[in-house]
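Student: Here are the chains, one letter per residue:
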Amino acid sequence: MDIKRDYYEDIELFRSGTILVWSILFLIFLAIFPWLIQKYHPLGFSIYIANLIAVHAIVAIGLNILVGYTGQISLGHAGFFAIGAFTTVIPILKWDFPLFIALPIAGFISSIFGFILGLPALRLKGPYLAIATLGFGMTITTIIKHMEFFGGRMGLQAPKLEFLGTPLKDIHFYYLIMAIAVLMTIGAIKLMRTRVGRAFIAIRDSDIAAEAMGVNLTYYKTLSFAVSAFYTGVAGGLYAFILGFINPESFHLIMSITFLAMVVVGGLGSIMGSITGAALMTYLDIKLQAIQDLPAFGSALVVFSQKYMSVSGISNIAVIVYGLIMILIVLFEPLGIFGFWIRTKKYWKTWPF
Amino acid sequence: MGSILKVEDLSISFGGIKALNQVSFEVEKGMIYSIIGPNGAGKTTIFNCISGIYRPDGGRIFFNGEEITYLKPYQIARKGIARTFQNIELFSHMTTMDNLMLGRHLHMKTGVWRGATFIYKNSKAAKEEVAHRRKVEEIIDFLELQSARNHFVVNLPYGTRKLVELGRALALEPELILLDEPSAGMNMEEKGDLMFSIQDIRDDLGITVILVEHDMNLIMDISDRILALNYGTKIAEGLPEEIQKHPEVLKAYLGEEEKVAQS
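Chains as they are written, first to last, in this note's numbering: chain U, 7 to 359; chain X, 244 to 506.
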């Protein structure tokens, strides 16, 4: 049992020594990851995956604030992602903004759109809200596609990043993304432990009671959308530089749904869950594309897909396996990976009882 | 002692049903005021009108001389009216502690930026959190909820949940508290404790209490004045002894005497 001596300990970032130690170990791991991985895998691709995971983790945290903590739903987060990506790249391309100014601006522009999308959320619930946000996501990409200012259908080439005149290498960009991801994670954890986070959770559990206790529903619901959109916008800005090229077509509906899947698979209402969910889904998505390289199954799968599906059916198999894993996780552990973690922890704590 | 709450000709109807029909009453500061009536008499509807969840069709509500009829629930909470709900509306996936801390919402200021970025023990957000935590601990002591402090509310027994809800309302530091059937689902012992708690709320904390209850013993013991409703209409108002003997009240609860005699 842990004994508390101070009220502050309840809102501290590291609530116990164990968490502190593991967090530090994790940070060290992130720091030496490029050096560790380059012995076994090509560095460029590994860093690309790691970057993608970090960016998706930021999105998942943002979306979890909205879905898991505030109890709203959004199928339009690819829209915020696109807004973030384009509003980061354009100021850098056209007006030579430095990244560390363009990125927060993109976040804020995105959160303004989040605020606007939050307005219908005051009246809509559940499936209706899902449809409204879905409409938003599709509209945004369509608008971007038809405006010459955003590069139109062709998309935009992300500029090479520079820092004080020297061009940024892949490895530097990796550290930049990790630093941003860690900071945003800490911010979310702290936010959820203080007044605003409590108001979000209160709205999720009982909006009538929350309002009767003095929580302004209008303000906090739209605020939740805005915060969520901020996270997604910043992630979108980073995403543009990971890909090096952005195209409105790539911010499609499936992307929004994948974000939602990350949150659900990771665990609703858990920051750590969002991160693991994002990591798992991103990693699977990339690894399953090479499913035919699997030692024993691989060739059998190829034969199967050629016999019963189209010749290039192996990508179908990848999607099927991806879906199957999602279904299994949600079926056996409704709280996602986070729920699994809680159970394991409980088991260890109470062992051998 | 002046009046803290004044309700004038409050009316509301849902479809064709008149849930409240021109109900007027006045509550004085420092009172325990009870509203009684058979099921569907409109007791909870009065609460919902006062706390802004329903918009009445007619009539006006004054709190400390200020009209609050069409304010939103959170604005009414800000004026100093807290309430509990008949079918417990707690934040079930929060701990007792967090539920009470949410009651402090109006008294705190931390916004998004400060909440997300505090680092030190001495930063404003952390200091505020700790200060209000102290206040919440006082309420926990007051209602003897220590054992439930760090438990999720879903896992608590019904009676305790009722107390947590009362605590959350108290955390708001209201001037007036509306308790909707606080003793429902409690056993005799818990009811006894609750009775003392309600009296302490009035005597020690100086909060005026309006009570909706079905337990007549509890009501008759602690109420200063009672309002009796039936079918949305006020049928009697007065001291407990008067209400107990009031023919209209007896009629509402027991049926008409002649009919009983006939059958």
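These are computed hints drawn from the structure, not numbers from a lab. This one's a predicted model, so the numbers in the text were calculated from it and none came from an experiment. Don't be surprised by glycine CBs; every beta carbon is placed ideally from N, CA and C. Hints may be right or wrong, so weigh each one.
Pair by pair, the computed Cβ-Cβ distance ranges are [said to hold, decoys possible]:
{"no.": "1", "chain 1": "X", "residue 1": "Lys-488", "chain 2": "U", "residue 2": "Pro-340", "range": "54 to 60 Å"}
{"no.": "2", "chain 1": "X", "residue 1": "Pro-281", "chain 2": "U", "residue 2": "Pro-133", "range": "25 to 31 Å"}
{"no.": "3", "chain 1": "X", "residue 1": "Glu-381", "chain 2": "U", "residue 2": "Leu-31", "range": "38 to 44 Å"}
{"no.": "4", "chain 1": "X", "residue 1": "Lys-367", "chain 2": "U", "residue 2": "Ile-177", "range": "51 to 57 Å"}
{"no.": "5", "chain 1": "U", "residue 1": "Pro-104", "chain 2": "X", "residue 2": "Lys-367", "range": "27 to 33 Å"}
{"no.": "6", "chain 1": "X", "residue 1": "Pro-281", "chain 2": "U", "residue 2": "Ile-137", "range": "57 to 63 Å"}
{"no.": "7", "chain 1": "X", "residue 1": "Lys-367", "chain 2": "U", "residue 2": "Val-336", "range": "36 to 42 Å"}
Student: Please go over all the hints and tell whether each is borne out by the structure.
Tutor: Results for each hint:
1. Lys-488 of chain X and Pro-340 of chain U have their C-beta atoms about 57 Å apart, which keeps the hinted 54 to 60 Å range intact.
2. In this structure, Pro-281 of chain X and Pro-133 of chain U break the distance hint of 25 to 31 Å, their C-beta atoms being roughly 39 Å apart.
3. As the Cβ distance of Glu-381 of chain X to Leu-31 of chain U is approximately 40 Å, the hint placing it in 38 to 44 Å holds.
4. Separated by about 38 Å at the C-beta atoms, Lys-367 of chain X and Ile-177 of chain U break the suggested range of 51 to 57 Å.
5. At roughly 30 Å, the beta-carbon separation of Pro-104 of chain U and Lys-367 of chain X lies within the given 27 to 33 Å, and the hint holds.
6. In this structure, Pro-281 of chain X and Ile-137 of chain U break the distance hint of 57 to 63 Å, their C-beta atoms being roughly 43 Å apart.
7. Between Lys-367 of chain X and Val-336 of chain U the beta carbons are some 41 Å apart, a value that agrees with the proposed interval 36 to 42 Å.
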